[in-house]
Amino acid sequence: MRTEQTRLGEPPVNKEQARAIALDIIRDNYGNIPYPGEPVLEGDLWIVPIIARYPRVLVNERDNLPEKVRFMTFDNLGKIEIIAANGQLKERSTYWDVQSAINEELELVKTSVQKALVKNGAMKFSQLPFSEHMHTPIEDILSWILIYNSMDLEAQQDSLPMDRREKFLQNVGYLESVGLVRKIGTTLEPGNPLIEIERTSRVLPLALSNSLAYFFEKGYEHINTIRQVLGPHLFVSGAIYQRSIENGAPSFLKIRSLENVMRDFYPSQYDKIFKLPRYLVQCESVGLVNRTIVGGESAWCATEDLFIKVMGEEDILEPIKQFIGN
Amino acid sequence: MRRTLRLDGSDIDVLRVPFIFQAEKDSLCVPFSLWMCLSYFNGIYENSIVRKNTPNFNLDEILKLTKTKTLGTIVDTKLINRLNQSIGSLQFDYNVNCCIADLKKRFDKNIPSIVLYDCSYLVYDIPGSNHAGVVVGFDDYRIILNNPWLGANWYTDIDDFQRSWELEGNRAILIDPITQDRLEAYLNEDRAN
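Keeping their order, the protein sequence lines are chains A and B.
Sequential numbering of the first sequence, starting at 95, is according to our numbering.
Sequential numbering of the second sequence, starting at 37, is according to our numbering.
The hints are simulated quantities; they were obtained by calculation from the structure and are not laboratory data.
Honestly, I wouldn't trust all of these hints.
[To be verified] Under the rule of at most 35 Å between Cα atoms (straight-line distance), these lysine-lysine pairs were calculated in the DSBU-like manner: (1) A:Lys-109 to B:Lys-145; (2) B:Lys-141 to A:Lys-366; (3) A:Lys-369 to A:Lys-162; (4) A:Lys-348 to B:Lys-141; (5) A:Lys-348 to B:Lys-114; (6) A:Lys-184 to B:Lys-114; (7) B:Lys-61 to A:Lys-173; (8) B:Lys-103 to B:Lys-61; (9) A:Lys-184 to B:Lys-100; (10) A:Lys-348 to B:Lys-145; (11) B:Lys-114 to A:Lys-109; (12) B:Lys-105 to A:Lys-415; (13) A:Lys-204 to A:Lys-415; (14) B:Lys-61 to B:Lys-141; (15) B:Lys-141 to A:Lys-162; (16) A:Lys-261 to B:Lys-105.
Work the whole structure out from these sequences, hints included.
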């Protein structure tokens, strides 16, 4: 009797069948990386989430051979709706929706590492040579305040082209959010931390780099702005620390791997590959990475002390904790 | 075409399929598996006609054929048609519900096969990631793969492999070299009919 009741309650297509149908749909329409999650019956439809256990191959860079594979789990990349009565597909996410969702997840991993690195390597980053990023808007504002003591925001906005005014105000907002500046009416003044930094820094270049360090440390959440300031230095060092976090120990990347990092971030700027050795030398000179020779090739490794600090950022690394120390 | 490996105290013959590591390109296991097979038929396989007529494609050329992106590769009859149109020396076939016996038969004829299985399940017992690899050898209880993620001559228990393969419908890309012998056999069969 109980069996009969169960059968009556079940839709013609059961959960496992729905999952199998979804798997076929995924393999035929998206690719071999996505996977069907747990089907849920909603009314007369099986809703099957599209998930992925995205592979990350960990390499022993000494011989450039794979060591192990780990899988980053990405949930809710899309969904497939299957009619429970006949197993027919009712609707599914588009290929581009799923691809864009997975790209966002992969970007989140990079971003998390970069935030943790910026926060903990703030002082080192701030010591990078100014010539690399001296025209960035954040430094423009800080330098102005350090030299002129205040800034007339309206006048300053008027002096900028229309397309840069919004960005300018956004950057003022970032600096204000960490307390380095404060707005009084339409005047921008140094905030308490900037006053203290200026007092303890003997010369203006040092005051600027210390205030930048403060901004990196306190404002790491504004990672897009910090990327504009630190650019390639953050991308290459971030890649080295991401590899280290994946391996669970300070690890190195060879120059060829770092060239690929540059290509990913600057797909059409070939001069970035030419400049890569200089970026690496500069990162090493401020203690962000160490150079080593592996199999006759130059490689750059995360530093032990910074790696430990970065790994300690549990909240920031939350999105990628699933593959830390597996 | 074979070499002998010493695995856990016993000697095992494996096909000399060149291993190409899928470094930093995590979703490209199908193109890399294909690349390994083409390198074998182009440079190692015994039949000189097949060697001569198998193209020495680079990765970009293979990616154009497989159309692989972040989500991996769609392995279907369309892909197989593109492969068959572009590589005249080999006949590709997409086989669902393939079995170990089929793979062994091919291995006995020195032909590698590409299998699509759930590597996440095989390694961590958690289903979720389809992966391609090239079958290069067997013994009584192990299957040996050139695994683009995990290395050359990577071996695992056949029963474990079967479970992870079943999860992905026992899919395989099977390859038949088009040799003069085969062509003659086909013509003879045609005449007999």
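Status of each hint after checking the structure:
1. A:Lys-109 to B:Lys-145: 41 Å, violated
2. B:Lys-141 to A:Lys-366: 51 Å, violated
3. A:Lys-369 to A:Lys-162: Given that 35 Å is the threshold and the Cα spacing comes to 32 Å, the pair holds.
4. A:Lys-348 to B:Lys-141: 42 Å, violated
5. A:Lys-348 to B:Lys-114: This hinted pair is violated, its Cα atoms lying about 38 Å apart.
6. A:Lys-184 to B:Lys-114: 24 Å, holds
7. B:Lys-61 to A:Lys-173: At roughly 26 Å apart (the allowed maximum being 35 Å), Lys-173 of chain A and Lys-61 of chain B satisfy the hint.
8. B:Lys-103 to B:Lys-61: 14 Å, holds
9. A:Lys-184 to B:Lys-100: OK: Lys-184 of chain A and Lys-100 of chain B at ~31 Å, within 35 Å.
10. A:Lys-348 to B:Lys-145: Status violated; Cα separation ~40 Å.
11. B:Lys-114 to A:Lys-109: OK: Lys-114 of chain B and Lys-109 of chain A at ~30 Å, within 35 Å.
12. B:Lys-105 to A:Lys-415: 26 Å, holds
13. A:Lys-204 to A:Lys-415: 13 Å, holds
14. B:Lys-61 to B:Lys-141: 32 Å, holds
15. B:Lys-141 to A:Lys-162: At roughly 30 Å apart (the allowed maximum being 35 Å), Lys-162 of chain A and Lys-141 of chain B satisfy the hint.
16. A:Lys-261 to B:Lys-105: 34 Å, holds
Of the numbered hints stated above, those contradicted by the structure are hints 1, 2, 4, 5 and 10, listed in ascending order.
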